[in-house]
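Keeping their order, the protein sequence lines are chains F and E. At position 103 of the first sequence the residue is numbered 103 (this note's numbering), and the sequence of numbers has no breaks. At position 123 of the second sequence the residue is numbered 123 (this note's numbering), and the sequence of numbers has no breaks.
For the record, the hints were derived by calculation from the structure and aren't laboratory data. Certain hints may be false.
Pairs involving identical chains hold if they fit within one copy or between any two copies, as the list cannot separate such chains.
To be verified - Calculated pairs, BS3-like style, for lysine-lysine (alpha carbon to alpha carbon, straight line, at most 30 Å): (1) Lys26 - Lys221; (2) Lys127 - Lys221; (3) Lys217 - Lys277; (4) Lys26 - Lys127.
Since the model is a prediction, treat every value here as computed from it, not as a measurement.
Protein chains: 2
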Amino acid sequence: MRQPPSLLITGGSGFTGRCACEHFQKLGWDVTAVVRNRSVVIQGVKIVSCDLTIREAVESIIHDTKPDYILHLAGVNSVYDSWHSPLESIEGNVLSTLYLLETVRQLNNQPRIIIVGSALQHNQGVKPLHPYSVSKTMQVQLAEHWAHLFDMDIVMAKPSNLIGPGPSKGICSLIAEEIARQEQVRGIPSLRINDLSAKRDFLDVRDVVRAYDLIFKHGKKGQLYEIGSGQMRSLSEVVDHYQRLTKSPIQIEEVGPNTSEELPFVNNESIYELGWKQVKSFRSSLADILQYYRQLRKEG
Amino acid sequence: MRQPPSLLITGGSGFTGRCACEHFQKLGWDVTAVVRNRSVVIQGVKIVSCDLTIREAVESIIHDTKPDYILHLAGVNSVYDSWHSPLESIEGNVLSTLYLLETVRQLNNQPRIIIVGSALQHNQGVKPLHPYSVSKTMQVQLAEHWAHLFDMDIVMAKPSNLIGPGPSKGICSLIAEEIARQEQVRGIPSLRINDLSAKRDFLDVRDVVRAYDLIFKHGKKGQLYEIGSGQMRSLSEVVDHYQRLTKSPIQIEEVGPNTSEELPFVNNESIYELGWKQVKSFRSSLADILQYYRQLRKEG
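The task is simple: from the sequences and hints, build the whole structure.
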């Protein structure tokens, strides 16, 4: 009998990580999740604990698991924290990736690696808005250069704003959490939002994990895949959608100046060529998020 | 009496480092050189030994010296080695710079810092030719971003191919060393060169140090200064010049394919605006290099 493919997912306990663990485990893959907190449990998935900014730790995990595929989701993801600890952002996103790529480069049988960037990367020649943006841009550049210089099987992904049920700190989750809280006490969901006109390309995390699956199987070495819905939606549109999903009257206070980043349109062309399609509609994603928080409250 | 300015030069025992130590020490500055090898002696200059890829070591040196100016010349400078130890190139050039900038960022009185890039950096959107190029490009990008994001007094310099008397491993020094060796034994200087038509912008190291001096005094925060002669010279031109400086008949064997990097023209505009001018002619630089090796031979 053929062995199932083995997959190492770094950042396995994060928002995308958990969804990816579930997806590939259901397909019968042999999944190992790298996490920081050893007490994490994910059904059907091996857990290893590791600080990826320690070179020897990265080496020992790669040598122990010898995976066929690596999905590198781990990183330091807070824009806010990056202002206070930019060193941690660079180390957590750039150095960890360098250690990973350098360890894999020494292997006889090199796995295919997906390095996951961010919609908040800055484009060439554009000044970055925060240290987080610097760290993600450098991470993806490093991966592109290593793929090219050392002919390694590295593929880059740049997902748009990911939403969906699960432990996310994104705006769609924050609103749903507040609605579920107020529904329980018959209160009024009330939120302070910086800029209601700010637009984002929202995509369900389950759709992006299906894209990673396709990239593992059919992606082109050295290619950067942008993955998004292709549709920009404002935060007031998000609130309107939620209002249709709850009887509680949502109150929004718009605060502060409109200083949101204008994000470039996602170019889905390359991922469409792999046969990828968005499956989850925006509305159904929001419904699932709200359901997730209602359920959490019930289990409370 | 006013205190003289204090200057920390990292990589103080290198080719440019030694020249910079001498220049600023002669001006009466209080110069401290950071070196890897503690046994280095430079007249009139304090020596401290430090591995700049260790964060705590960088912090302790900055806190101990509290310099008014930092000239960051230290780094891992071999293109050849970068293929075998790319990790060391990135750590030695990017991580050390990050530690330096992050330590300085915490100070109340921040020094002006010059971060020195390389003519071998790759331009945006162009694929790098070696990991060394990646490391120098990222180093300078990091410095530019930190200057912008944290409003730090960082200036970037991108010198062309530096030549001059002293411990250089550049092609002009290699040829002069061989000539001096053969002159002593009345032999025939014989060299194997990859591509005689390869062109470089050669500039005397003493001229570039005068540029750093001007940048410290009048340079614009956040600016990148390219510094070169503005003239591209082929390696066969270098050989011709040397032939006029020695009676030994130089023999050149051209080997291998012409795979040299085509380097972009140096844009001297910004450094000219500071009043900089090239003082050393190409011919006098080569004469000084040859004299340096003849003297070394004599001293045996």
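Hint check:
{"no.": "1", "hint": "Lys26 - Lys221", "in the structure": "within (26 Å within a copy, 55 Å between copies)"}
{"no.": "2", "hint": "Lys127 - Lys221", "in the structure": "both (28 Å within a copy, 15 Å between copies)"}
{"no.": "3", "hint": "Lys217 - Lys277", "in the structure": "within (16 Å within a copy, 58 Å between copies)"}
{"no.": "4", "hint": "Lys26 - Lys127", "in the structure": "neither (42 Å within a copy, 39 Å between copies)"}
Checked against the numbered hints above, the structure breaks only hint 4 and satisfies the rest.
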